[in-house]
Amino acid sequence: MYVAVKGGEAAIDAAHAQLADLRRGDRSVAALSLDQIRDQMALAVARVMAEGSLYDPDLAALALKQAWGDVAEAIFLVRAYRTTLPRLAATRPLDTARMVVRRRISATFKDLPGGQVLGPTFDYTHRLLDFALAAEDEPLAEPPPPAEAPLDPDMPRVTDILGADGLIEPESDPDADNPDAPVPDLTREPLTFPAGRAMRLQVLARGDEGFLLSLGYSSQRGHGGTHPFAGEIRMGEVEVEIIPEDLGFPVTIGTVTATECQMINQFQGSKTKPPQFTRGYGLVFGFNERKAMAMSLVDRALRAPDLGEPVVAPAQDEEFVLSHADVVEASGFVQHLKLPHYVDFQAELDSVRRMRRAAETGEGADS
Amino acid sequence: MTQHDSGVTFGYLDEQTKRMIRRAVLKAVAIPGYQVPFAGREMPLPYGWGTGGIQVTASIIGPDDVLKVIDQGADDTTNAVSIRRFFRRVTGVRTTEHTTEATLIQTRHRIPETPLGPDQILIYQVPIPEPLRFMEARETETRRMHALADYGVMHVKLYEDISQYGRIAKAYDYPVMVNGRYVMAPSPIPKFDNPKMHDAPFLQLFGAGREKRIYAVPPHTSVVSLDFEDHPFEVQSWDRVCDLCGADDSYLDEVVTDDAGGRLFVCSDSDYCAGRRAAGHEGPAAASAAGAALSETMTAVSREADGEGTP
Amino acid sequence: MNAAPLMEAERPLLAVSGLGKAFGARRACDDVSFDLYAGEVLGVVGESGSGKTTLLRCLSGDLTPDTGTVLYGPNGNGPGLDVHALPEGRRRLLMRTEWGYVHQNPRDGLRMGVSAGANIGERPMAVGARHYGHIRAQAADWLARVEIENDRLDDRPVTFSGGMQQRLQLARVLVNGPRLVFMDEPTGGLDVSVQARLLDLLRDLVTRLGLAAVIVTHDLAVARLLAHRLMVMKDGRAVEHGLTDQVLDDPHHPYTQLLVSSVLQA
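In the order they appear, the protein sequences are chains L, U and H.
full-length UniProt numbering puts the first residue of the first sequence at 1, with every later residue one more than the last.
full-length UniProt numbering puts the first residue of the second sequence at 1, with every later residue one more than the last.
full-length UniProt numbering puts the first residue of the third sequence at 1, with every later residue one more than the last.
Don't read these hints as lab results, they were simulated from the structure.
A few of these clues could be false.
[Said to hold, decoys possible] If you want a taste of the chain U side facing chain L, the calculated C-beta under 7 Å gives, among others: (1) F38; (2) R41; (3) P44; (4) W49; (5) R110; (6) T114; (7) P115; (8) Y165; (9) A169; (10) A171; (11) Y172; (12) K212.
[As the list claims (entries may be wrong)] Covered stretches of chain H (chain U as the covering partner; in silico rule of three or more C-beta atoms under 8 Å from a C-beta of chain U): (13) 86 to 94; (14) 107 to 121.
The beta-carbon is built from N, C-alpha and C at its ideal position, and this holds for glycine as well.
Assemble the whole structure, with the sequences as input and the hints as a guide.
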């Protein structure tokens, strides 16, 4: 017998109740605390903060818990919350040269002022499942051995070292003609094209990690290649400063963990202008080298038109990259196909039926 | 009127954002059919699910408004229910399913069958605001084409349909020329609804949240569907009437009732259909088991829409 | 007879003076001047890198030159339209009506995703043609004029050979009856036998329609067959300019002599 589909609020309420029940799972297993998520799932928290573009580890942990561990859903929750927050001040640019470094490596110089600092990294772990972690009472890990010497507080950026010799292009002001112009704000202005580098970097900084990773990878495989060297990757804590209007001087309001990547790319020059290396830049909240590196590859690829290079690959195409980088937009639009399309489908169905009827009755297309 | 959730601003958006959106709406009204970029906000509902329409509604709604939300013409589709619930919560305004009672109607994919009047505003949810998008993917180029009214490519598409299929195959989101100047996407309404846009007495606002565009058709503006002299624009028609209410002038949805070819054709506009049935009209299948089940569901939903359903 | 028609005949359709365009330190086009009269075909020859294509793109308004002007005088009176001062809308309209541009690669000049008929019909539709039957008849007529079988009207150009694609591009450009056509190596990517057929067709169409044209080519045989006058370019400069037969049979500039002799030897 035919039973009509029930829509309505009751069905939606029931769906929410089922979701909440499944999210909590087996009640005999202890519920996760936000502390646990924040400290033990710190990289997931970092990704939610980066793409949610809100630095708040506790809120990111809450979002992950509420989203049943779905990172994209957690990012969406954080974004929707962020947009309701008042805008109190704009910070000064982060000075990553003054970062309290936990990890700092360069692929371009064997040694350099401040040295290489391996720090916490998966890089040289052998990817073998550690079944010791599966034990109920996970043994406390040995604390790391103390450093032989304190880190050198002076760690100049590799690009600054090259820049002193003029070997790399200077970092240009995004609005060189008008240095006092406010930096555009992606969350307060519509994205239009050409977007300019300041806007581009904002989109990339909160862009979907998987999308940027694939684009960066495609540029390495020759689709808009830029011959990159990882000049420097550094991760650590960096101070955030604002200048309150009534004080007129900078005040530190806290620190954030950030990962910065400076890619050194293929040189450019001419008879009149000696060759210089070019830059690609990546900066993300939290510890996320993969994202910072991918971002710097894509940033450099997107500079192709500014550097007089032909735009031939997706990674170089500003409109393509920026229009499709946002996980909240992409996820919403892909999934909106779940919504009813009865009316449009009926329209198509009607069209196809008419055309098929016309074909059957021999009424040719050549009308 | 019920009290709105005091934890959130009336209409959810902060006043600064509402002003920004109202400015965009005013500009859109001043330049009929022109897509105005606006700094769309992230809403607590996903992109592609009506965030553009929701932001427009949230910016113009007042405490005395009466809101109707439809999806596919019906008040009972889950997303319409969800959006209606959102506005009830963040504004406390009265909601209705009766087209004639509403001052604001937010819609996805339909224009109601009951003619709207000058005191009503129709707000469309728009997924892809750019009518030129599928001939030219690049925003920088499409904006230039609009600026120069360089629209030859639209007819290339229509020509191609006729040459391949014998007719213009576009069945919904059928492009229109607004005020003789801008080619506009009417959103994915069936072309059946296009004539209702022309010289309409009511204001039509279009919001595309993900693409961050707002556009408008002010009252009594010319809206012409693109066509050829020898292949004039035509709307869908059925050689049957609504199985429930017998209407012969409404857009019909096809409902599959069994796996043996059983079909019902019913009004996609649930309020129009219910109104006709209440007035005593009866369609050919109104008395059948399937027809009765369908009409029972639609009635149940209308009680919810009036706020009598589950809280 | 009054004096006006005489003056009309004397005023060039295109007056180019002091045109220059540099890319960085390289001067791709340097102080080029010439006049082109209605119905006249100018061949621009030189080896690749000599600035021919840059010149063509500056003439057609696609590139903005650093120096010089291009005046288009459609009516033979008044000072003519300054092509680079025109608003873009006017320039696009020119390109759909009185002008045409034939690309070396037909893919750059065709919409590969729609049928041959739609390709030819685009220009009439862009300037207001709204009768499907008429547009289709006009497209069919032009398809015949460029010697493509009528049953290909609804086929997409991807299914065409290179020579057919190039002929289709000609039809698409010529359908609105332009007065001035820019051609960039129109026979460039084709086999020799296909080239010969296209050249015949081109010569026939240009003569029959009374087109003015600027044809860029590195092929002196093409130039000899199509052009009334020749301009020889080297390193962005016009080193020799004259009637085609004169330039080819009695070249004055050493570079032209080299060009001509290298063809003869080959």
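Restraint satisfaction for W49 (chain U) [CB to CB of chain L, less than 7 Å]
holds (6 Å)
Given A171 (chain U) as an interface hint, is the shortest Cβ-Cβ distance to chain L below 7 Å?
Since chain L brings a Cβ to about 4 Å from A171 (chain U), closer than 7 Å, the hint holds.
Given A169 (chain U) as an interface hint, is its Cβ closer than 7 Å to any Cβ of chain L?
Because about 6 Å separates A169 (chain U) from the closest Cβ in chain L, which is inside the 7 Å limit, the hint holds.
Interface hint status, T114 (chain U) versus chain L (Cβ within 7 Å)
The hint is violated - T114 (chain U) has no Cβ within 7 Å of chain L, the shortest such distance being about 17 Å.
Hinted contact Y172 (chain U) with chain L - closest CB pair below 7 Å
holds (4 Å)
Apply the coverage criterion to the region 107 to 121 of chain H and chain U: a residue qualifies when its Cβ sits closer than 8 Å to a Cβ of the chain, and three qualifying residues are needed.
The restraint on the region 107 to 121 of chain H holds, since 6 of its residues have a Cβ under 8 Å from chain U and three suffice.
Grab the minimum C-beta distance from K212 (chain U) to chain L and call the hint holds if it beats 7 Å, violated otherwise.
holds (5 Å)
Holds or violated: P115 (chain U) as interface residue toward chain L, Cβ cutoff 7 Å?
Hint violated; P115 (chain U) Cβ to chain L Cβ min 19 Å, cut 7 Å.
Min Cβ distance, R110 (chain U) to chain L: is it shorter than 7 Å?
holds (6 Å)
The hint names Y165 (chain U) as touching chain L; please verify it with the least Cβ-Cβ distance against 7 Å.
holds (5 Å)
If you take the shortest Cβ to Cβ gap from P44 (chain U) to chain L, is it below 7 Å?
holds (4 Å)
Classify the hint on F38 (chain U) as holds or violated, based on whether any CB of chain L lies nearer than 7 Å to its CB.
holds (6 Å)
Comparing the model with each numbered hint stated earlier shows that hints 6 and 7 do not hold.
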